[in-house]
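K.L.:
Sequence:
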Amino acid sequence: MIQIKNEIAKIIKSAVDILSIEEIEAMIEIPQDSSMGDYAFPCFKLAGQLHKAPPLIAAELAEKLKADIFAKLENVNAYLNIFIDKKYFVKLISSGVVAAGESFGNSDLGAGRKVIVEYSAPNIAKPFHIGHIRSTVIGNSIHLIYKALGYDVVRINHLGDYGTQFGKMIVAYRRWGSEEELKQEPIKSLLSYYVKFHEEAEKDASLEDEARAAFARLEHGEKEETELWQRFRAESLSEFRRVYDMLGISFDSYTGESFYSDKMPAVLDELRAKGLLKESQGAQIVELEEFGMAPALITKSDGSSLYITRDLAAAIYRKNTYDFDKCIYVVASQQNLHFQQWIKILELMGYGWATDCVHIPFGLISMADGTMSTRNGRVVFLEDVLNKAVEKTKEIILEKNVNTDCIDETASMVGIGAVIFNELANSRIKDYVFKWDKVLNFDGETGPYVQYTHARAASVLRNAGFDIEKLDLESVDFSYITGEAAYELAKLIYRFPEAVIRAGEEYEPSVVTRHVIEIARAFNKFYHDEHILAEDENEKRAKLLLSWAAKQSIKNGLALLGIRAPERM
RNA sequence: GCGCCACUAGCUCAACGGAUAGAGUACCUGACUACGAAUCAGUAGGUUGCGCGUUCGAAUCGCGCGUGGCGCACCA
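Position in the first sequence (from 1) plus 13 gives the number in this note's numbering.
Treat the hints with care, as some may be off.
Said to hold, decoys possible - If you anchor each label on the Cβ, the simulated ranges turn out as follows: (1) E580 - E237: 51 to 57 Å; (2) N349 - K236: 36 to 42 Å; (3) R255 - L486: 41 to 47 Å; (4) K100 - D46: 34 to 40 Å; (5) K443 - E237: 44 to 50 Å.
As the list claims (entries may be wrong) - Straight-line distance between alpha carbons at most 20 Å, and here's what the computed EDC-like set of lysine to aspartate or glutamate pairs gives: (6) K413 - D485; (7) K100 - D485; (8) K104 - E87; (9) K139 - E396; (10) K339 - E360; (11) K99 - E115; (12) K401 - D369.
Derived from the structure by calculation, the hints contain no laboratory data.
Keep in mind the model is a prediction, meaning the values are calculated, not measured.
Each residue gets a CB set at the ideal place from its N, CA and C atoms; glycine is no exception.
Generate the whole structure from the sequences, applying the supplied hints.
P.N.:
Structural data, given as structure tokens:
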């Protein structure tokens with residue numbers, strides 16, 4: 014599809030040749046109010062070199078520039094306001110979407126480049142709770158966005174399947190657990206043992222030492238501990254898979270922390286050989302004071318490993334295995350310091366590719382009565398949230414008497430879509446408090462609103478018997494698209510690919526979410542203001558094509574968020 | 001104490017250093033005899049936490065302060 018900004022930049026450059034096309038393009042903006050043009054070029058920066066007042070420059074440009082794609086040029090103060098020929102614009106977007114179809118919004122920016130996205134990474138033997146939704150859903154969307162940008166993407170679920178917590182679990186199971194319980198309700202039982210452990214550890218601190226010892230034995234490969242750990246791991250994984258299936262999420266690799274346990278000695282040797290390791294209070298550390306950071310603890314005084322050690326091993330392993338161009342870690346902002354230390358250590362080890370590793374943090378989800386905590390059982394299970402959302406959707410469908418023969422599937426699409434959409438609607442860095450009425454709200458800027466818009470467009474196209482395959486594009490007369498609402502919709506569709514690129518650059522799925530909302534809102538206004546199934550065949554054909562383009566854009570946008578778009582709901 | 005992050009309408013949030021700071025929600029009001037009312041439209045709502053600076057121009061950049069969150073050695 015033709016890049017209008019680039020076209021404008023070329024035309025401006027031909028008149029004032031003091032900036033590069035890229036610089037001009039970066040200066041071109043989109044006015045908030047479309048009465049000030051489809052695009053605008055502020056002339057302040059030219060003033061110095063041209064020795065003229067900005068408004069004068071703008072006026073001269075408005076006078077001087079001529080091109081077929083311009084309907085009108087105006088100058089308001091220092092701005093050159095550019096109005097694109099509507100017919101040209103609408104034709105451009107409609108044919109662009111038709112040509113691209115399912116891949117409208119995609120590009121080849123990342124062709125030939127490999128990206129790893131690490132996300133979700135729940136702790137085995139703990140329930141999958143609402144706090145895990147962020148990494149899971151944000152990471153999944155980032156992977157989809159990078160894929161759309163043409164990158165070769167590898168999805169890794171770095172399971173939290175190792176560490177002292179398993180020592181705790183083993184101790185707790187031995188003391189208070191039973192084979193019987195574990196068989197019947199594996200996750201709930203494991204959670205109760207974990208909670209019990211922390212209750213008891215409050216009274217008896219020696220339990221913590223016992224847990225560390227149990228983990229040390231696990232790390233040494235002792236049979237009994239290993240068997241228990243494997244048991245816990247298998248039970249948890251099958252539970253996680255159930256939730257991933259509901260969300261429609263999968264991974265290329267489930268190599269968690271335990272996978273790297275046998276790769277750590279080599280890392281330790283390397284750190285030692287490079288003179289980075291230092292003993293302190295019986296533990297091995299890397300001193301980072303000169304970089305303004307607390308020292309990083311590499312191994313505990315009992316010799317067992319820590320999180321950061323495994324992350325170092327994992328990064329090196331991944332570089333060797335995948336030779337990535339970029340490795341994206343979608344992990345909570347609480348771990349900012351950890352990632353700063355970790356990346357600094359990789360740098361100190363002499364790995365230039367350390368800068369290709371990026372931590373993408375996100376804010377905290379808390380409960381109204383405090384931080385979410387597995388230890389004291391104050392959690393909301395993600396599966397319960399998804400089920401409730403589906404249930405509520407089903408009630409609404411039945412109430413509205415929707416014409417669909419697959420109520421359950423639609424309810425699942427919309428209910429789960431609502432939860433995902435809600436999660437991806439805001440900037441990922443924002444903290445928020447979990448509230449049932451918020452996650453179950455289907456009015457306003459929500460997933461169901463966007464999906465409804467898609468279904469509505471589908472309905473009009475269905476009623477008209479519109480078939481894009483049989484449409485002769487040349488026969489469509491876009492001069493029938495005259496309304497302001499139609500034109501605003503066309504502009505938003507045109508800009509969808511730019512939103513995808515920006516979302517990728519900023520690792521920010523909400524950029525796509527918001528753009529999809531904008532398209533949906535514009536379509537609804539268009540739908541309301543104008544009669545699509547017009548008497549005049551030519552008018553109808555043009556409007557149907559625009560509707561089809563809107564529907565396709567919404568569908569593609571939702572797909573990048575990991576949400577399906579129903580034909581009816 | 002030190003570090004990182006956040007702070008915009010009653011609430012939840014937008015806004016490539018650019019024009020009169022925008023949506024949703026809640027309150028009030030209007031529109032289903034055209035294609036789906038899970039919709040659309042209107043009224044009202046602001047000293048962008050505070051101060052100083054940089055700039056032709058600051059919600060946005062810098063410095064200082066305030067409030068809140070998170071982190072800071074054997075958890076992950």
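K.L.:
With the threshold set at 20 Å, check whether the alpha-carbon distance from K401 to D369 stays at or below it.
P.N.:
Between K401 and D369 the Cα gap is close to 40 Å, so the pair fails against 20 Å, i.e. violated.
K.L.:
Starting from the range 34 to 40 Å, see whether the pair K100 and D46 falls in it by beta-carbon distance.
P.N.:
For K100 and D46 the Cβ distance comes to about 22 Å; the hint is violated.
K.L.:
Holds or violated: K339 with E360, Cα cutoff 20 Å?
P.N.:
holds, 15 Å
K.L.:
Just to be careful, I want the Cα atoms of K100 and D485 compared with a cutoff of 20 Å; is the pair within it?
P.N.:
holds, 17 Å
K.L.:
For K443 and E237, compare the CB-CB distance with the range 44 to 50 Å and indicate the outcome.
P.N.:
holds, 45 Å
K.L.:
Does the beta carbon distance between R255 and L486 stay inside 41 to 47 Å, or does it fall outside?
P.N.:
Given range 41 to 47 Å: holds, Cβ gap about 46 Å.
K.L.:
Between K99 and E115, is the straight-line Cα distance small enough, at 20 Å or below?
P.N.:
Measuring from Cα to Cα gives roughly 25 Å; hence the hint is violated.
K.L.:
Regarding the pair K104 and E87, is the alpha-carbon distance no greater than 20 Å?
P.N.:
violated, 23 Å
K.L.:
Measure nothing beyond the straight line between the CA atoms of K139 and E396; if it is 20 Å or shorter, mark the hint as holding.
P.N.:
holds, 13 Å
K.L.:
Is the straight-line distance between the alpha-carbon of K413 and that of D485 20 Å or less?
P.N.:
violated, 37 Å
K.L.:
Okay, E580 versus E237 on CB: inside 51 to 57 Å?
P.N.:
holds, 55 Å
K.L.:
That 36 to 42 Å hint for N349 and K236 (C-beta), does it hold up?
P.N.:
holds, 39 Å
In this structure, the hints that do not hold are numbers 4, 6, 8, 11, 12, in rising order.
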